[in-house]
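Peer 1: Each chain, letter by letter, is given below.
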Amino acid sequence: MGGARSGKSSFALNEAMKISGRKAYIATAQALDDEMKERIRKHKEERGADWDTFEEPLKVPEIIGEIKDKYSVIVLDCLTLWLSNLICGNIACSREIDDLVTVLKNSKLKTLNSKLFIVSNEVGMGIVPENELARSFRDIAGFLNQKAAEVADEVYLVTAGIPLKIKG
Amino acid sequence: MGGARSGKSSFALNEAMKISGRKAYIATAQALDDEMKERIRKHKEERGADWDTFEEPLKVPEIIGEIKDKYSVIVLDCLTLWLSNLICGNIACSREIDDLVTVLKNSKLKTLNSKLFIVSNEVGMGIVPENELARSFRDIAGFLNQKAAEVADEVYLVTAGIPLKIKG
Amino acid sequence: MGGARSGKSSFALNEAMKISGRKAYIATAQALDDEMKERIRKHKEERGADWDTFEEPLKVPEIIGEIKDKYSVIVLDCLTLWLSNLICGNIACSREIDDLVTVLKNSKLKTLNSKLFIVSNEVGMGIVPENELARSFRDIAGFLNQKAAEVADEVYLVTAGIPLKIKG
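Protein chains in written order, with the numbering used here: chain H, 27 to 194; chain X, 27 to 194; chain A, 27 to 194.
These are calculated hints, taken from the structure and not from any lab test.
Among the clues, some could well be false.
Since the list gives no way to pick one copy over another, a pair counts as held whenever it fits inside one copy or between any two copies.
Cut-off 30 Å, straight-line C-alpha distance, at most; resulting in silico cross-link-like pairs (DSS-like, lysine-lysine) [to be verified]:
| id | residue 1 | residue 2 |
| --- | --- | --- |
| 1 | K131 | K63 |
| 2 | K131 | K68 |
| 3 | K191 | K44 |
| 4 | K173 | K44 |
| 5 | K44 | K68 |
| 6 | K173 | K141 |
| 7 | K85 | K63 |
| 8 | K63 | K191 |
| 9 | K44 | K131 |
| 10 | K63 | K193 |
| 11 | K173 | K191 |
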């Protein structure tokens, strides 16, 4: 959890790097233009050969379900953007969120000692947005964060690059 | 304290539930349409028979003063919406805020062992709003949070449903 | 670090007051109108005779470099406004930020036992702004906060007037 450019992704990646074995990075960002493609390519290079990258804007619960037995660690970056992609694609969020929570709760994830790091944005600490869609997005993003935090073993709030453990 | 949909109200209600005796819930939200009326009715039902509900968008210091000796616990939900109602009603905030602080400081509240939980929004952690009224609201809401936190025995910052004690 | 009207400046000033000797206050706010001039004058008066005030909207690394040997404590208020002034003045931020980090890292600051308090805004915890400039500003402000926090000995997150130490 953290605000924009709070260092939350770097923190998750650094924690994941400490774990040995194959690592998976699920990117919900879409390479819609050349600048974005270049950024994604660069980040991929920075992570290095230990990592497989999955670009998946929408089917996040499905991909976690598929790959969770094959990696010692998975980083999902980020939950809020996934929600934004769902809403922009006119996909019913509530079922998708339920699916994600089911996957997260799935005990196999724990028995196999694979770890999942989820990066998410805090978006509810500004003034109430005038735009109705933004208000509704903010509400659902907040609920999603609550649900993800509930099933998580540890939760960190990242501010100015500094992680603060708030659960675990 | 917490952002939108941070779980701050649920946290306050859960803490209040732990205290035995009659409980009061002061709702500053107004039932302006049927959807809202339904939501308020549902929340009331969820709280159960231990609770009396007071819908009071404006006269919050007055109602706390009136009822504080009759309940073992009072939840005020929420401070930021009360401020918003005052501003929309063209009511001078500064006097109302002073009145609230006076009621909060009132020693009788403590000697009687009744507890008051105040739910409030953090609204100052986004980008500076373009709208002048929003900027001014954000400033006053921040000052109000400071004043309420100053007289509170305990303050929690709630993020993704997780309370972090920052005072007490 | 803190949101708007979170009490972050007051906290920094109170901490600075505990240190004896000459104190410097670097204000990045500009007195663009009479109301602002009056506010600045009032704050200056409140700080008292121990303090010298430097109004410097842009050349912040330079002024810290110049005065750091002459004061036992310096308060810079605030980093986010400095960034905003740079951007509005069409000045390349990245070099300025590098200059600031260099000054902050400068070991003389530590060997001389002078202390520097930097006030900064958390602006990334609201909804993504529609305005492109605001989005870009939010990103740079977040990076700047990370860089400043990295070289700082202590970092506090201030909410509702309550400081929470997150580093140090």
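Peer 1: So which of those numbered hints doesn't the model satisfy?
Peer 2: 1, 8 and 10
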